[in-house]
Every structure is written in C-alpha cells, then in structure tokens.
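Whole structure, please, built from the sequences with the hints as guidance.
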Amino acid sequence: MKSMTLKRFIAASLAGISLVAAASAFSAVAVIVHPNNPNSLTQSDITRIFLGKKKSFPDGADAIPVDQKEGSAARSAFVGTILKKNDQQIKAYWAQLLFTGKGTPPKEVGAGSDVKKLVSENPALIGYIDAADADGSVKVVHQF
Amino acid sequence: MKKSLLTPCLLAASIVAAAGTQAAELRFNGFASVAAGKTLSEGSGLERSSTTGAVIGVSDNTFTADSPTSGAYDDDISFKPDTIFGLQISADLGEGLTVTGQITGAGGEDFDANIAWAYLSYELNDSWTLLAGRQRLPFFFYSDFLDVGYAYHWMRAPVETQVAVDTLDGVQFRYEGSAGSWDTRVQLYGGASDNESKALGDTVVLEDAIGAVFYASNDWLQLRATHMVTDFYLETAGAIFNQDDSDPISADFTGVAAHMTLGNGFVVAEYVTYTFDDAVQPVGWTTYEGAYISAGYRVGDFTPHITFSTDNQEIEDSVFAGFGLTDGDQASDSITVGVRWDFHPQAAFKVEYLTRSDESDDNIEAYYGDNQEVDVISAGFDVIF
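From first to last, the protein sequence lines are chains A and B.
Sequential numbering of the first sequence, starting at 2, is according to this note's numbering.
Sequential numbering of the second sequence, starting at 36, is according to this note's numbering.
Calculated directly from the structure, the hints in this document are not laboratory data.
Check each hint, because a few of them may be wrong.
Now the stretches of chain A that chain B is said to cover, found in silico as 3 or more residues with beta-carbon under 8 Å [stated by the list, open to error]: (1) 51-57; (2) 100-114.
So the derived list for chain A, only partly shown, Cβ under 7 Å to chain B, looks like this [unchecked claim]: (3) Gln-89; (4) Ala-93; (5) Ala-96; (6) Gln-97.
Subject to a maximum C-alpha distance of 25 Å in a straight line, what follows is the list of computed SDA-like cross-link-like pairs (lysine to any residue) [stated by the list, open to error]: (7) Lys-54(A) <-> Glu-60(B); (8) Lys-70(A) <-> Ala-112(A); (9) Lys-108(A) <-> His-379(B); (10) Lys-140(A) <-> Val-67(A); (11) Lys-54(A) <-> Val-302(B); (12) Lys-54(A) <-> Thr-82(A); (13) Lys-86(A) <-> His-379(B); (14) Lys-56(A) <-> Leu-128(B); (15) Lys-54(A) <-> Ile-124(B); (16) Lys-73(B) <-> Asp-95(B); (17) Lys-233(B) <-> Asp-313(B).
As the structure is a prediction and not an experimental result, all values here were calculated from the model.
Idealized CB from N, CA, C, for every residue including glycine.
As structure tokens, this is what we get:
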C-alpha cells in the first residue's frame with residue numbers, strides 16, 4: 002500500500018516536471034509532409050534536405066523544402082534546433098552556396114498556414130508548422 | 036530591398052509565363068560591401084625599374100586588400116579596395132536546369148561591371164551536377180566567395196590566400212554525397228581564362244587549368260583539400276620576360292583547410308602553396324607558401340576575432356641578380372584583430388586592424404627595402420539581399 006502511494010507520487014512529480022519543462026520551452030514545432038508520403042525521416046534526413054545536401058526522400062522521390070517567412074517563431078526554432086545554426090549563421094551558409102553555384106535556399110512561402118496548405122497539395126514538399134496546427138491534411142514526420 | 040527586387044522578379048516571371056514558354060522562375064539576389072580604410076604606419080620600399088632593376092625611387096608601402104583587382108590602401112582614406120557590389124540573376128528552367136549570371140563592380144577596378152559568373156547548371160542525377168560557363172576559380176577555402184563579405188567574419192579573407200587571378204571559363208563536375216554523419220562534396224574542373232591585372236598592367240592568360248576540390252563536413256567540422264595545375268603567360272609582356280605564350284610557365288596549387296565550430300566559438304586554419312616550373316621573371320618567384328589560423332567567439336550580435344597569418348615567397352635565379360636580387364625568401368607575418376557586429380538581419384558592420392612585419396632575408400630586404408611593413412585600419416558594411 003505504501004509503495005503504491007510512493008509510485009503515484011513519483012509518477013505525479015514526473016508528469017508535473019515534464020509539463021513545466023514543455024511550458025517553459027517554445028510551443029512545439031512539427032515537420033510535415035503530404036499524407037501520401039510514405040517516408041519516415043530521421044532528424045539528420047530533415048537537416049540534410051533543408052541545408053540543400055539532399056534533394057530526395059529516402060525512397061528516391063524528389064524532396065523540396067519550404068521555409069516560413071523570416072522572423073516567425075517556428076522558423077527560428079527550426080533553424081536553431083534542427084539545423085543547429087543561428088539566424089546569421091544560416092544566412093552566411095546560404096550566401097556561400099548561393100553565390101558560388103552550389104545551392105539555393107528553400108523558398109519562403111509565408112506563414113505556417115501557407116506552408117500547411119502547400120504541403121497538403123504537393124507530395125514533394127516538406128515544411129514545418131506549429132504542432133498545434135497539424136491536422137489530417139498533412140502528415141507529421143518529426144516533432145520537437 | 037527584398038520587396039522592391041521581388042516585384043521585377045515576379046513581373047519577369049509572368050512575362051516569361053505569358054509568352055507561352057515553360058514558366059521560368061527568376062531569382063534575384065545580391066551582395067554589397069562598402070568599406071573604408073587607410074594605412075596607419077608604413078615602412079618604405081625601394082622602387083625598382085621593371086625592365087632594368089635599377090632603383091628609381093623610394094615609396095611608402097601600401098596594403099593590397101584585394102589581389103584580384105589590385106585594390107590597395109595607402110595613407111589617405113580610400114573607399115575602394117574592399118568595396119564591391121554584386122547582383123545575381125538565376126532562372127530555374129525546371130528538371131534540374133538553371134541559368135545564372137552574376138555581375139560585380141569592385142572599387143579596385145573603379146566599379147567597372149564585370150561578369151564574375153555566367154553558367155548553365157544541370158543536375159545529371161541525385162549526386163552529380165554539371166556547371167558549364169564562367170566561374171570563380173575555387174583555389175582555396177574562401178576563393179570562390181571572396182566577394183561575399185557577409186559570408187565570413189573578416190573584412191576580407193587573408194591576403195596570404197588570395198590569388199591575383201580568379202576566373203575560370205570551363206566546366207565543373209560536382210559530386211555530393213553522404214556517409215554516416217559526414218557530407219562530402221567533390222569538384223572536378225577544367226578550363227582557361229583571361230584575367231586583366233591592374234598591378235601588372237597586362238592580361239594573365241590561364242590555359243589547360245585542371246583542378247579538384249575535396250570537401251567533407253559534419254555538424255561541427257569542415258575539411259577541405261585542393262590541387263590545381265595550370266599553364267599561364269602574360270599576354271603582352273611575354274616578349275620582354277619569360278612568360279611567353281609559346282612557352283608558358285606551369286603552376287601548381289595545393290591547399291588544405293579546416294574549420295571547426297565549437298559552441299559559440301570557431302577556429303579556421305589553412306595552408307596553401309603554389310610553385311612554378313620555371314622562376315617567374317624578372318622577379319625570380321618560385322615556391323610560395325601562405326598560412327593563417329583564425330579564431331572568433333560570438334557574444335550576442337558581436338563576434339570578436341583574431342588571426343595570425345604568414346607567407347613566404349622564394350626568389351631564385353632572378354634576372355636582376357646582378358642588381359642584388361639574389362636568391363632568398365621574401366616573407367611577412369601579420370596579426371589581425373577585429374569585430375563583426377550583426378546589427379541587422381541582412382547586414383553586418385565590421386572593423387579590423389592589421390599589423391604586418393617584414394620577415395624577408397637580409398639580401399631581399401636590401402634589394403626591396405622594408406616593403407612588407409604596414410599597419411592598416413578598415414571598417415565597413417556587408418549586406419546580402
């Protein structure tokens with residue numbers, strides 16, 4: 002009986018800690034693809050696609066990354082957490098490639114709602130939105 | 036800036052679409068560096084006649100900030116040496132084919148418009164891309180984006196790793212792949228080019244240039260190695276010196292570099308060397324070596340940095356040996372300290388101080404004077420759009 006209480010106490014504490022941790026971080030971001038896209042992606046697959054180092058999904062189909070407009074919270078979180086760069090570093094990275102014929106940065110398509118709409122219509126696209134906005138029109142392949 | 040460029044871009048795209056051809060997507064991008072600087076103290080060198088080797092005067096040293104355009108600072112404030120504007124237009128024709136042109140105007144060449152890049156790019160498959168047309172020669176780590184100041188922390192890449200020629204008209208095959216946590220890139224290229232040199236008052240012609248670049252990167256480390264061979268001669272002076280088009284000098288370039296990102300800090304180091312099969316006359320240049328190590332640490336929007344650099348030019352069998360230019364090494368050591376301030380999402384402000392000392396052999400210093408010694412201050416803005 003006593004051990005039961007203790008277990009409950011521990012479980013409740015852990016739940017409380019994780020809630021506080023989640024609330025103190027930014028709101029979660031989801032990486033999304035078209036619902037018919039069969040691929041599962043690792044974080045490094047996503048990083049490579051968004052840094053222009055990989056142009057296809059694991060099954061060989063074309064992968065085209067799309068960015069939210071600059072300054073959005075989801076974009077800063079994505080660049081920081083997934084691409085592991087700050088906003089200036091990612092610009093300098095693309096400046097090196099863009100002006101030397103080695104690559105073109107992802108197209109900026111607007112707000113999260115624009116990204117979701119485009120991704121829901123095109124199996125080649127991959128984007129990111131606030132996790133709370135994800136619904137049946139897109140498939141979440143990674144969340145952070 | 037971005038918005039005003041977007042309008043003509045969309046206009047042009049709709050014109051192409053309306054014309055009934057496949058809609059080509061046009062992309063406009065650009066960069067600019069506007070900088071000023073001057074020498075603060077300078078040694079003085081002996082001016083020598085380029086034909087006889089005789090002393091024709093004594094002059095204060097200048098600092099060549101941009102070797103490809105010969106842009107140099109002297110003791111008057113100048114806005115030219117580090118200032119450059121670039122505009123790039125790229126048309127995506129679909130199915131992996133793009134056409135790109137980049138026009139630059141550099142202060143060192145009085146802002147004359149210059150076609151720096153003009154190429155077709157075609158993705159042969161997932162790994163291989165072909166670039167055909169005009170490109171920047173990817174000699175060393177910073178060579179092909181030397182013009183894009185926003186992409187690095189200094190006012191300019193270390194002059195020890197700059198080369199007076201910068202253009203390749205030819206083809207490049209590029210491979211991109213990955214293995215584990217590493218991404219790799221291999222560039223194989225070949226071609227020729229004419230490079231006007233203001234410093235030489237002549238055109239340096241490259242022929243049969245062939246090179247390779249190996250590059251690997253992961254989350255925190257970038258490694259690069261390159262090798263390139265080319266023949267070259269001076270278009271008009273060939274009749275006077277030994278750089279004759281019938282018997283060009285063959286040159287051989289090698290470089291290795293590493294760049295480490297460690298949290299908010301970074302360290303980058305490079306060693307380069309090139310050598311000629313026959314001493315370049317009249318100055319007797321043979322093997323050149325240059326190297327630097329640079330470190331910086333980001334604190335908020337500020338990145339203070341420090342760089343040590345060094346170079347050594349061997350002089351052998353100069354035709355001016357009779358005037359005292361006997362075999363020896365012309366060398367220098369430099370320390371550069373500066374700070375980059377990212378005050379705007381698309382612009383940085385930089386200020387930098389460089390002090391260079393002459394480390395040449397005594398016989399070389401006797402011939403040229405103290406001609407490497409110079410201190411330079413410079414500051415400017417780098418913008419991308």
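The hints, checked one at a time:
no., hint, verdict
1, 51-57, "holds (count 4)"
2, 100-114, "holds (count 5)"
3, Gln-89, "holds, 5 Å"
4, Ala-93, "holds, 5 Å"
5, Ala-96, "holds, 4 Å"
6, Gln-97, "holds, 5 Å"
7, Lys-54(A) <-> Glu-60(B), "holds, 21 Å"
8, Lys-70(A) <-> Ala-112(A), "holds, 6 Å"
9, Lys-108(A) <-> His-379(B), "holds, 21 Å"
10, Lys-140(A) <-> Val-67(A), "holds, 15 Å"
11, Lys-54(A) <-> Val-302(B), "holds, 23 Å"
12, Lys-54(A) <-> Thr-82(A), "holds, 18 Å"
13, Lys-86(A) <-> His-379(B), "holds, 17 Å"
14, Lys-56(A) <-> Leu-128(B), "holds, 17 Å"
15, Lys-54(A) <-> Ile-124(B), "holds, 22 Å"
16, Lys-73(B) <-> Asp-95(B), "holds, 13 Å"
17, Lys-233(B) <-> Asp-313(B), "holds, 23 Å"
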